[in-house]
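Asker: From first to last, the protein sequence lines stand for chains A and B.
Here the first sequence is numbered in the working numbering, starting from 1 and rising by one per residue.
Here the second sequence is numbered in the working numbering, starting from 1 and rising by one per residue.
Everything labelled a hint here was simulated from the structure, so no lab data went into it.
The structure presented is a predicted model; accordingly, all values stated were derived computationally and were not measured.
A couple of the hints might just be wrong.
Pulled from the structure, derived: some chain B residues nowhere near chain A, Cβ distances all over 10 Å [unchecked claim]:
{"no.": "1", "residue": "11"}
{"no.": "2", "residue": "33"}
{"no.": "3", "residue": "139"}
{"no.": "4", "residue": "154"}
{"no.": "5", "residue": "171"}
{"no.": "6", "residue": "180"}
{"no.": "7", "residue": "193"}
{"no.": "8", "residue": "194"}
{"no.": "9", "residue": "226"}
{"no.": "10", "residue": "228"}
{"no.": "11", "residue": "232"}
{"no.": "12", "residue": "235"}
{"no.": "13", "residue": "248"}
{"no.": "14", "residue": "321"}
Under the rule of at most 25 Å between Cα atoms (straight-line distance), these lysine to any residue pairs were calculated in the SDA-like manner [claimed, not checked]:
{"no.": "15", "chain 1": "A", "residue 1": "63", "chain 2": "B", "residue 2": "139"}
{"no.": "16", "chain 1": "A", "residue 1": "105", "chain 2": "B", "residue 2": "237"}
{"no.": "17", "chain 1": "A", "residue 1": "167", "chain 2": "B", "residue 2": "325"}
{"no.": "18", "chain 1": "B", "residue 1": "224", "chain 2": "A", "residue 2": "19"}
{"no.": "19", "chain 1": "B", "residue 1": "187", "chain 2": "B", "residue 2": "162"}
{"no.": "20", "chain 1": "A", "residue 1": "333", "chain 2": "A", "residue 2": "217"}
{"no.": "21", "chain 1": "B", "residue 1": "243", "chain 2": "A", "residue 2": "155"}
{"no.": "22", "chain 1": "B", "residue 1": "187", "chain 2": "B", "residue 2": "131"}
{"no.": "23", "chain 1": "A", "residue 1": "63", "chain 2": "B", "residue 2": "159"}
{"no.": "24", "chain 1": "B", "residue 1": "236", "chain 2": "A", "residue 2": "60"}
{"no.": "25", "chain 1": "B", "residue 1": "224", "chain 2": "A", "residue 2": "62"}
{"no.": "26", "chain 1": "B", "residue 1": "243", "chain 2": "A", "residue 2": "241"}
{"no.": "27", "chain 1": "B", "residue 1": "224", "chain 2": "A", "residue 2": "22"}
{"no.": "28", "chain 1": "A", "residue 1": "153", "chain 2": "B", "residue 2": "227"}
{"no.": "29", "chain 1": "A", "residue 1": "63", "chain 2": "B", "residue 2": "137"}
{"no.": "30", "chain 1": "A", "residue 1": "63", "chain 2": "B", "residue 2": "104"}
{"no.": "31", "chain 1": "B", "residue 1": "187", "chain 2": "B", "residue 2": "159"}
{"no.": "32", "chain 1": "B", "residue 1": "95", "chain 2": "B", "residue 2": "217"}
{"no.": "33", "chain 1": "A", "residue 1": "221", "chain 2": "A", "residue 2": "275"}
{"no.": "34", "chain 1": "A", "residue 1": "63", "chain 2": "B", "residue 2": "95"}
{"no.": "35", "chain 1": "A", "residue 1": "167", "chain 2": "A", "residue 2": "217"}
{"no.": "36", "chain 1": "B", "residue 1": "224", "chain 2": "A", "residue 2": "144"}
{"no.": "37", "chain 1": "A", "residue 1": "144", "chain 2": "B", "residue 2": "325"}
{"no.": "38", "chain 1": "B", "residue 1": "224", "chain 2": "A", "residue 2": "225"}
Backbone N, C-alpha and C define an ideal beta-carbon position, used for all residues, glycine too.
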Amino acid sequence: MNESNPLLQIKDLKTYFFLDEGTVKAVDGADLELGTCSTLGVVGESGCGKSVAARSIMQIVAKGGRIVSGEILFHHQLCKPGTDRRLSEKEEVIDLAMLDPQGDKIRSIRGAEISMVFQEPMTSLSPVHTIGNQIGEVISLHQKLDPKQAREKAIAMLDHVGMPLPKRTIDRYPHELSGGMRQRAMIAMALSCHPSLLIADEPTTALDVTTEAQILSLMRKLQDELGMSIMFITHNLGVIAQMADRVAVMYLGKVVEAASVDTLFYKPLHPYTQALMESIPRLGAKKRRGERLASIRGSVPDPYNLPKGCPFHPRCAKRVPNVCDREEPPNLKVDQGHEVRCVLYK
Amino acid sequence: MLGYILRRVAIMIPTLFVISIMTFIIIQLPPGDFLTSYAASLRAQGEVIDEDEMEVMRERYGLNQPIYVQYAKWIWGIMTRGDWGQSMSLQVPVKDLIWQRMALSMVLSVVSLIVGWFIAIPLGVYSATHQYSLVDYIVTFISFMGIGTPSFLLGLVVMYVAMNYMGLTVGGLFSSQYIMAPWSWDKVIDLAKHIWIPIAILAFNGTAGGLRTTRANLLDELNKPYVETARSKGLKEGRVIWKYPVRVALNPFFSTVGWELANLIGGATLLSIVLNLQTEGPMLLNALTAQDMYLAGSFLFLLSAITVVGTLVSDILLAWVDPRIRMT
Chain A
1 MNESNPLLQI
11 KDLKTYFFLD
21 EGTVKAVDGA
31 DLELGTCSTL
41 GVVGESGCGK
51 SVAARSIMQI
61 VAKGGRIVSG
71 EILFHHQLCK
81 PGTDRRLSEK
91 EEVIDLAMLD
101 PQGDKIRSIR
111 GAEISMVFQE
121 PMTSLSPVHT
131 IGNQIGEVIS
141 LHQKLDPKQA
151 REKAIAMLDH
161 VGMPLPKRTI
171 DRYPHELSGG
181 MRQRAMIAMA
191 LSCHPSLLIA
201 DEPTTALDVT
211 TEAQILSLMR
221 KLQDELGMSI
231 MFITHNLGVI
241 AQMADRVAVM
251 YLGKVVEAAS
261 VDTLFYKPLH
271 PYTQALMESI
281 PRLGAKKRRG
291 ERLASIRGSV
301 PDPYNLPKGC
311 PFHPRCAKRV
321 PNVCDREEPP
331 NLKVDQGHEV
341 RCVLYK
Chain B
1 MLGYILRRVA
11 IMIPTLFVIS
21 IMTFIIIQLP
31 PGDFLTSYAA
41 SLRAQGEVID
51 EDEMEVMRER
61 YGLNQPIYVQ
71 YAKWIWGIMT
81 RGDWGQSMSL
91 QVPVKDLIWQ
101 RMALSMVLSV
111 VSLIVGWFIA
121 IPLGVYSATH
131 QYSLVDYIVT
141 FISFMGIGTP
151 SFLLGLVVMY
161 VAMNYMGLTV
171 GGLFSSQYIM
181 APWSWDKVID
191 LAKHIWIPIA
201 ILAFNGTAGG
211 LRTTRANLLD
221 ELNKPYVETA
231 RSKGLKEGRV
241 IWKYPVRVAL
251 NPFFSTVGWE
261 LANLIGGATL
271 LSIVLNLQTE
281 GPMLLNALTA
291 QDMYLAGSFL
301 FLLSAITVVG
311 TLVSDILLAW
321 VDPRIRMT
């Protein structure tokens with residue numbers, strides 16, 4: 001990764017859900033940074049807040065949830081349409097967290113500057129509208145094109161993402177396409193306005209491995225061609241190793257460790273990251289007969305009743321008594337570009 | 001698509017035949033026939049009945065023939081001459097009675113259905129998108145009242161209020177001078193002046209049901225991922241809601257339009273009696289109690305036919321609005 005300019009800086013983001021049962025601190029003080037034309041992988045178990053963090057960036061947090069505090073600084077590259085955004089000099093910094101979720105400003109960014117690919121390509125596309133209708137809509141909305149030009153652009157985009165027979169597929173309904181084709185259509189829709197940031201929320205989880213590999217290589221190819229950054233959310237560490245430049249590990253709404261992908265895989269510091277790494281099955285690894293694959297004991301705590309101190313301490317093998325269960329660990333900068341939230345590295 | 005429709009129409013023909021047989025059997029089920037109930041009503045008025053005269057009349061109406069002969073004559077008359085038989089109590093051909101009544105019933109039902117939808121859908125959408133808000137609670141409360149209040153009771157209340165506080169006579173579909181008059185532009189205007197009251201009452205009931213359906217369906221759809229996708233495109237919230245989840249949530253309206261219409265026509269009978277409307281309901285009820293078999297049978301048959309045709313129409317509509325439904 002070249003040490004490029006920052007595109008997105010999230011500082012101490014807190015997104016809470018205020019429900020009848022209590023308050024869920026889905027994202028509770030997360031810090032993330034993403035440079036231009038790079039890929040940030042965000043990993044964590046289900047319920048760790050990675051999807052909510054992504055939705056906070058776009059201000060599309062589900063009902064009941066809202067950003068309580070923190071900053072989401074988006075470096076909006078001001079460039080003439082059609083020119084390479086990487087070469088643009090001027091930029092405008094917008095704090096997305098301050099914008100009205102239904103206002104004009106965030107809506108002009110959504111789908112145009114920042115767009116998103118979702119997990120389930122079957123349910124993420126409207127079942128009663130054609131692919132062309134759904135892609136054309138976002139093109140005519142942000143690029144002020146008439147329906148005919150929008151349709152041509154949509155066909156070109158479908159062709160770009162490797163959709164077979166784009167001229168025919170554009171009039172198909174989602175249920176007439178396979179899972180991989182649907183996800184290609186989703187990607188075409190997300191990239192049709194050339195965003196500078198693509199948020200991919202587990203885009204390959206619902207696909208089979210062969211299709212997954214195709215979609216991943218497609219995303220990397222498009223990233224090079226269009227010059228965009230990707231925030232890649234997954235719980236699959238194998239996919240992270242393949243896709244990401246930097247990785248942020250999330251646990252219960254906090255980023256517990258952030259590092260470059262190589263550092264994280266070869267020198268994980270946080271006990272949670274280490275436990276995650278040990279739970280990956282490895283081909284050819286020498287194992288004694290009957291030895292079981294390591295797993296993290298326990299499960300994610302009740303979201304209404306979070307543990308005091310370090311949120312990971314009840315499951316942590318290296319916890320320090322009377323320290324971890326009392327004080328919240330600070331974010332420590334241990335190395336160039338390597339941060340960890342754990343008292344062991346104080 | 002065309003082949004599908006043709007096939008469905010072809011299947012409708014035997015269906016209607018079976019229905020005509022069923023209705024004929026049903027109207028024959030009560031003991032006796034028109035003449036016995038006619039004699040009973042004469043006797044109640046203290047008149048003496050001549051048994052020979054009865055026999056002559058029985059002969060004339062063909063009531064002494066076996067039931068399948070009566071049925072065959074009736075259905076043959078309908079198919080070849082459009083002759084639905086003779087109304088025994090009113091002494092006129094059935095075909096002169098039913099069409100205007102059916103037409104008025106259809107106008108009343110179709111207009112109240114459409115008016116009901118136009119109110120129910122926007123209110124239901126608002127109610128679902130503002131779930132548990134004050135407006136949602138008010139709308140929900142009123143809609144439960146609408147479901148719970150029978151239309152004839154509402155009719156009585158409206159009549160009472162109009163009579164006592166506004167000095168209006170509510171009732172009927174026409175002013176007295178137009179009832180027997182031939183159709184004219186003035187008569188249509190007179191109809192419009194009268195028909196809005198039953199329409200408002202029926203629409204109030206229909207709105208309530210439609211509102212519950214819209215709200216419940218939309219609440220299911222609002223959390224679907226495709227809504228989030230639409231939102232992530234940067235569309236205005238109103239467009240997100242109306243183009244995507246509302247579109248899917250309205251499918252049940254199309255799939256139920258068939259029997260909804262027949263329900264509405266049948267359900268309006270009590271209201272029609274209360275408000276003295278010249279529609280199908282009261283006449284069918286009278287025909288049934290008087291055992292006026294051809295009149296009653298013709299109405300029952302037409303109502304069933306509306307249901308059959310309506311089901312076909314709603315199937316075609318549903319296939320048209322929902323591309324996931326294949327016609328095979």
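Asker: Taking each numbered hint in turn, which are not upheld by the structure, reported in ascending numerical order?
Answerer: Those not satisfied are hints 9, 10, 11, 12, 13, 14, 20, 22, 23, 26, 30, 32, 33, 34, 36, 37, 38.
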